[in-house]
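Asks: Taken in sequence, the protein lines are chains A and B.
What the first sequence shows, in my numbering, is residues 1 to 235, in sequence order.
What the second sequence shows, in my numbering, is residues 1 to 77, in sequence order.
Honestly, I wouldn't trust all of these hints.
When the alpha-carbon atoms are kept at most 25 angstroms apart in a straight line, the in silico DMTMM-like pairs for lysine to aspartate or glutamate are as follows [said to hold, decoys possible]:
hint, chain 1, residue 1, chain 2, residue 2
1, A, Lys230, B, Glu40
2, A, Lys226, B, Glu4
3, A, Lys83, B, Glu40
4, B, Lys42, A, Glu174
5, B, Lys42, A, Asp146
6, A, Lys83, B, Glu49
7, A, Lys12, B, Glu4
8, B, Lys43, A, Asp146
9, A, Lys19, B, Glu57
10, A, Lys170, A, Asp146
11, A, Lys226, B, Asp54
12, A, Lys112, B, Glu57
13, A, Lys112, A, Glu223
14, A, Lys16, B, Asp54
15, B, Lys34, A, Glu190
16, B, Lys43, A, Glu190
17, A, Lys12, B, Glu57
18, B, Lys39, A, Glu190
19, B, Lys43, A, Glu223
20, A, Lys112, A, Glu35
21, B, Lys39, A, Glu148
22, A, Lys230, B, Glu4
23, A, Lys45, B, Glu57
24, A, Lys16, B, Glu40
25, B, Lys43, A, Glu149
26, B, Lys45, A, Glu223
27, A, Lys112, A, Asp122
No lab work stands behind these hints, which were simulated from the structure alone.
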Amino acid sequence: MLNYLKPNNLLKIINKTQKFVFIIFLVIISIGLVEALILSPEDYKQSDSVRIMYVHVPAAWISLGIFSLIAFLSFGILVFKNKNLSLITKSLAPSGFVFNVIALVTGSIWGKPTWGTWWAWDARITSMLLLAFFYLMFLLSWRVTDNEEKAVKISSYIAIIGLINVPIIKFSVEWWSTLHQPSSVNIFTETSIHASMLLPLGIMTAAFALFSLLIFLMKYNTELIKIKNKGLDRL
Amino acid sequence: MINEVLYMNGYGLYVWSSFAFTLSCFCILYSVIKLQLVKEQKKFKARFENLDTDKIEIAKKQETYKEILATSSASKI
Numbered sequence: 001m002l003n004y005l006k007p008n009n010l011l012k013i014i015n016k017t018q019k020f021v022f023i024i025f026l027v028i029i030s031i032g033l034v035e036a037l038i039l040s041p042e043d044y045k046q047s048d049s050v051r052i053m054y055v056h057v058p059a060a061w062i063s064l065g066i067f068s069l070i071a072f073l074s075f076g077i078l079v080f081k082n083k084n085l086s087l088i089t090k091s092l093a094p095s096g097f098v099f100n101v102i103a104l105v106t107g108s109i110w111g112k113p114t115w116g117t118w119w120a121w122d123a124r125i126t127s128m129l130l131l132a133f134f135y136l137m138f139l140l141s142w143r144v145t146d147n148e149e150k151a152v153k154i155s156s157y158i159a160i161i162g163l164i165n166v167p168i169i170k171f172s173v174e175w176w177s178t179l180h181q182p183s184s185v186n187i188f189t190e191t192s193i194h195a196s197m198l199l200p201l202g203i204m205t206a207a208f209a210l211f212s213l214l215i216f217l218m219k220y221n222t223e224l225i226k227i228k229n230k231g232l233d234r235l
Numbered sequence: 001m002i003n004e005v006l007y008m009n010g011y012g013l014y015v016w017s018s019f020a021f022t023l024s025c026f027c028i029l030y031s032v033i034k035l036q037l038v039k040e041q042k043k044f045k046a047r048f049e050n051l052d053t054d055k056i057e058i059a060k061k062q063e064t065y066k067e068i069l070a071t072s073s074a075s076k077i
């Protein structure tokens, strides 16, 4: 099992899976777009503006998921001093940040026809904005210092501190009175979305997850090549 | 039919701009990461070709270098 984690095996696996993930992503996003924009029904209250949900919600879920993963891996980096984990977190961050920005912008666009405003400083929206700042600080921490060990430590601490914000985002709609609606899709309690809307939401979430996997594989590949590039000097 | 899909009961501008923004972000992120990957592959290949013959022989024996060189000339995507 650990053999697969060796750089040469990882490179082989990554190079083989990138093309496969890209093709599957194109197929699923095409189906998802047709479902979301044409086949799914309009909402009885929000009419067709509900279709924004099919990009807004998956983007928010994935940005939250990626940040949580980065934070847990950061614990591992600090405890086990594993360099591979820091490469993984570094490669996960770009897609997480972009999904965070997508969630904020599409949420703002959705807010105009539903709430009558582009932006409100309510708990959910503000905590999502805060998450974007944590992502930004994480990404910038790799650029502000040339010392790689220092960058790994700083970025890990940023991710761990940012993890406090994750439950705040999740429960903000329950803890405070917000403009943002409570979650409609729940794992442990009853889901209030009709199956005809849940299907495109699921397909779009799968497509977004595949896209973040593709970006992760490409970025990880780049980071491995950078290391090997430095290794040429030591031959 | 096409007008209905475009107009979306008056919400077309909001819906289409959300989807357009999302897909544009995908394209930009993909292009940036792809450019970084190709740049690193080219840099590696150029440096590899400038190595001494002995060093090239040592590097060629290592699986990782073989893998990078195999993918640097024709990218997989």
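Asks: Evaluate each hint against the coordinates.
Replies: Against the structure, the hints:
1. At roughly 11 angstroms between alpha-carbon atoms, A/Lys230 and B/Glu40 fall within 25 angstroms of each other, so this suggested pair holds.
2. Note on A/Lys226 and B/Glu4: the hinted pairing is violated, with a Cα-Cα distance of about 50 angstroms set against a maximum of 25 angstroms.
3. Simply put, A/Lys83 and B/Glu40 have alpha-carbon atoms about 20 angstroms apart, close enough for the 25 angstroms limit, and the pair holds.
4. Simply put, B/Lys42 and A/Glu174 have alpha-carbon atoms about 52 angstroms apart, too far for the 25 angstroms limit, and the pair is violated.
5. At roughly 23 angstroms between alpha-carbon atoms, B/Lys42 and A/Asp146 fall within 25 angstroms of each other, so this suggested pair holds.
6. Distance hint between A/Lys83 and B/Glu49 is unfulfilled; the C-alpha atoms sit about 28 angstroms from each other, more than 25 angstroms.
7. With a C-alpha separation of about 48 angstroms, the suggested pairing of A/Lys12 with B/Glu4 is violated against the 25 angstroms cut-off.
8. As the CA atoms of B/Lys43 and A/Asp146 are separated by approximately 20 angstroms, the hinted pair is consistent with the 25 angstroms bound.
9. Pair hint A/Lys19 plus B/Glu57 does not hold up; C-alpha atoms about 30 angstroms apart against a cutoff of 25 angstroms.
10. With a C-alpha separation of about 35 angstroms, the suggested pair A/Lys170 and A/Asp146 falls outside the 25 angstroms cut-off, and the hint is violated.
11. For the suggested pair A/Lys226 and B/Asp54, the alpha carbons sit about 22 angstroms apart, so the restraint of at most 25 angstroms is met.
12. The hinted pair formed by A/Lys112 and B/Glu57 fails the criterion: a straight-line CA distance of about 63 angstroms is larger than 25 angstroms.
13. Distance check on the hinted pair: A/Lys112 and A/Glu223 sit about 41 angstroms apart at the alpha-carbon level, beyond 25 angstroms; violated.
14. Proximity of A/Lys16 to B/Asp54 is assessed by CA-CA distance (about 30 angstroms); at most 25 angstroms being required, the pair is judged violated.
15. Taking the CA atoms of B/Lys34 and A/Glu190, the gap is near 42 angstroms; set against the 25 angstroms cutoff, the hint is violated.
16. Distance restraint check for B/Lys43 and A/Glu190: the Cα-Cα separation of roughly 54 angstroms exceeds the 25 angstroms cut-off, and the hinted pair is therefore not satisfied.
17. Our distance criterion of 25 angstroms between C-alpha atoms is met by A/Lys12 and B/Glu57, whose separation comes to about 21 angstroms.
18. Restraint check for B/Lys39 and A/Glu190: the C-alpha separation of about 49 angstroms exceeds 25 angstroms, so the hint is violated.
19. The straight-line distance between the Cα atoms of B/Lys43 and A/Glu223 is roughly 13 angstroms, inside the 25 angstroms bound, and the hint therefore holds.
20. This hinted pair checks out: A/Lys112 and A/Glu35 have alpha carbons roughly 24 angstroms apart, not beyond 25 angstroms.
21. Proposed proximity of B/Lys39 and A/Glu148 is supported: the alpha carbons are some 21 angstroms apart, at most 25 angstroms.
22. For the hint linking A/Lys230 to B/Glu4, the alpha-carbon distance of about 57 angstroms lies beyond 25 angstroms, and the restraint is violated.
23. Between A/Lys45 and B/Glu57 the alpha-carbon distance is near 69 angstroms, which puts this suggested pair outside the 25 angstroms criterion.
24. For the proposed pair A/Lys16 and B/Glu40, the alpha carbon gap of about 18 angstroms is at most 25 angstroms, so the pair holds.
25. Taking the CA atoms of B/Lys43 and A/Glu149, the gap is near 24 angstroms; set against the 25 angstroms cutoff, the hint holds.
26. A hinted pair counts as satisfied when its Cα atoms are at most 25 angstroms apart, and B/Lys45 with A/Glu223 qualifies at roughly 15 angstroms.
27. Distance restraint check for A/Lys112 and A/Asp122: the Cα-Cα separation of roughly 15 angstroms lies within the 25 angstroms cut-off, and the hinted pair is therefore satisfied.
Going through the hint list in order, the structure does not satisfy hints 2, 4, 6, 7, 9, 10, 12, 13, 14, 15, 16, 18, 22 and 23.
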